[in-house]
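J.: What follows is the residue order along each chain.
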Amino acid sequence: MGDIAKSMMIILLTGILTDNFVLSKFLGICPFLGVSKTTSGSLGMGVAVTAVMALATAATYPLYYFFLVPMGLEYLNTILFILIIALFVQLVEMILRKYVPSLYKALGVYLPLITTNCAVLGVTLLNIDEGYNFGESLVNSIGAGLGFLIAMLIFSGVRGRLEKCRVPKTFEGMPITLVAASIVSLSFVGFGGLVDGLFGGV
Amino acid sequence: MSYMKEFTKGLIKENPTLVTLLGMCPTLAITTMASNAIGMGAAATFVLICSNVVISLLKKVIPKAVRLPSYIVIIAGFVTLIQLILQAFLPAIYDALGIYLPLITVNCIILGRAEMFASKNNPAAAALDGAGMGIGFTLALLCMGSIREIFGSGTWFGIQVCPNFMEPMTLFILPAGGFFVLGCLIALVNKIANRQPPKATGCAACPNREGCPSAAGETAAAEKISEKAAEADKKEENK
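For the record, the sequence lines run as chains A and B.
What the first sequence shows, in this note's numbering, is residues -15 to 186, in sequence order.
What the second sequence shows, in this note's numbering, is residues 47 to 285, in sequence order.
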């Protein structure tokens, strides 16, 4: 039991800190640069992405192992997964609107953004590539989502400051945002080795 | 002549990465080496040309309401095709690109060209547009990849170019270096083109916003936030 808990913690912390999805794997850059202007927007988007990542993994994992593998159709995973995610986002949106209107009001606007978020497709494909079991896949997805949330929140703070700065004309807009992202990303390099240090290696 | 224009516009004037700022994820992720950049660019170009032609041929058949899912499925089909081809014939490139190869499916350049160009034009023009955009994307990737490889590991296409006594700057092949080099390149393009950089960033400035489901969500989110602010103001006034 201790071993399982330990390996889960390693996967979780790796996803959040050392292999942060946005800042070291470059997945989900568009929403990271697009929606991170306000803290509330970052929070809503981050929570919605985490939920959809976990749900999408819960749906794609069994489909891959109980449907595609027995039929020998593993190579169709990209097509199937993107369809599942698109369908899933629609479904979650409809269910929330009908049954939990308060939650829909808070998160609903962020849901359509998620279909084209490469982090969601990325995490479902990575889970298969890494050969994780079902529990590990779920933990990895949640870790990736939380990592995305943290990166968004930190960056929204940085951008708040950036708005008030005077920037060289050629760097205005996207270039300075990218340079700021570079420095935020550099700070996450500091977490390298943290997981190994805490748990004494994998 | 006009066909030639469809091809050349993607190279520099509307370069998808450096001017219209699309497809950031692969641009940042795989450009640690120049050879990866070529592999990624070629794969994306193949998918762009094929999906543009097919979508252009099917433009009257696909109902408007389900066009985005249909485009995604067509694109995913070609991505699977190139995945299998690379796996069989160029396994080194396949391994180097890793997860980013299947993620060409959600690359917004391809969906953007499908929505903005292929669905409105004939197949020949769509193919040229795809080729131009793909080559423009490849050039931008190659530029990024060369800078990062030369500074970060002292080599170019795996060949030693910097003298041995120079310590390579590892920063450039770290993720942080990717963000930094791309930011500087875009600033350089702005400078050369003497272009007033767009004030807005994110979805508001994105040329894809009409067809992109994200943009609709972004607009709705922005409206909601401003509504909330207005409500708060009202409450303050009532007090």
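Some clues are possibly wrong.
[Said to hold, decoys possible] Chain B regions said to be covered by chain A (calculated; three or more residues, Cβ under 8 Å): (1) 111 to 120; (2) 184 to 194; (3) 220 to 226.
[What the hints assert, rightly or not] List of simulated lysine-lysine pairs, DSBU-like, C-alpha gap at most 30 Å: (4) B:166 / A:82; (5) B:105 / B:51; (6) B:106 / A:153; (7) B:110 / A:148; (8) A:153 / B:237.
[Claimed, not checked] Pair by pair, the computed Cβ-Cβ distance ranges are: (9) B:204 / A:58: 26 to 34 Å; (10) A:60 / B:207: 41 to 49 Å; (11) B:205 / A:59: 54 to 62 Å.
Quick caveat, the hints were computed from the structure, so don't treat them as lab data.
Please read all numbers here as calculations on a predicted model, not as lab measurements.
Virtual Cβ for every residue (Gly too), placed ideally from N, Cα, C.
J.: Next, verify each hint and record whether it holds.
T.: The hints, checked one at a time:
| no. | hint | in the structure |
| --- | --- | --- |
| 1 | 111 to 120 | holds (count 3) |
| 2 | 184 to 194 | violated (count 0) |
| 3 | 220 to 226 | holds (count 7) |
| 4 | B:166 / A:82 | violated (37 Å) |
| 5 | B:105 / B:51 | holds (22 Å) |
| 6 | B:106 / A:153 | violated (45 Å) |
| 7 | B:110 / A:148 | violated (43 Å) |
| 8 | A:153 / B:237 | holds (9 Å) |
| 9 | B:204 / A:58: 26 to 34 Å | holds (32 Å) |
| 10 | A:60 / B:207: 41 to 49 Å | holds (42 Å) |
| 11 | B:205 / A:59: 54 to 62 Å | violated (35 Å) |
Hint violations for this structure: numbers 2, 4, 6, 7, 11, all remaining hints satisfied.
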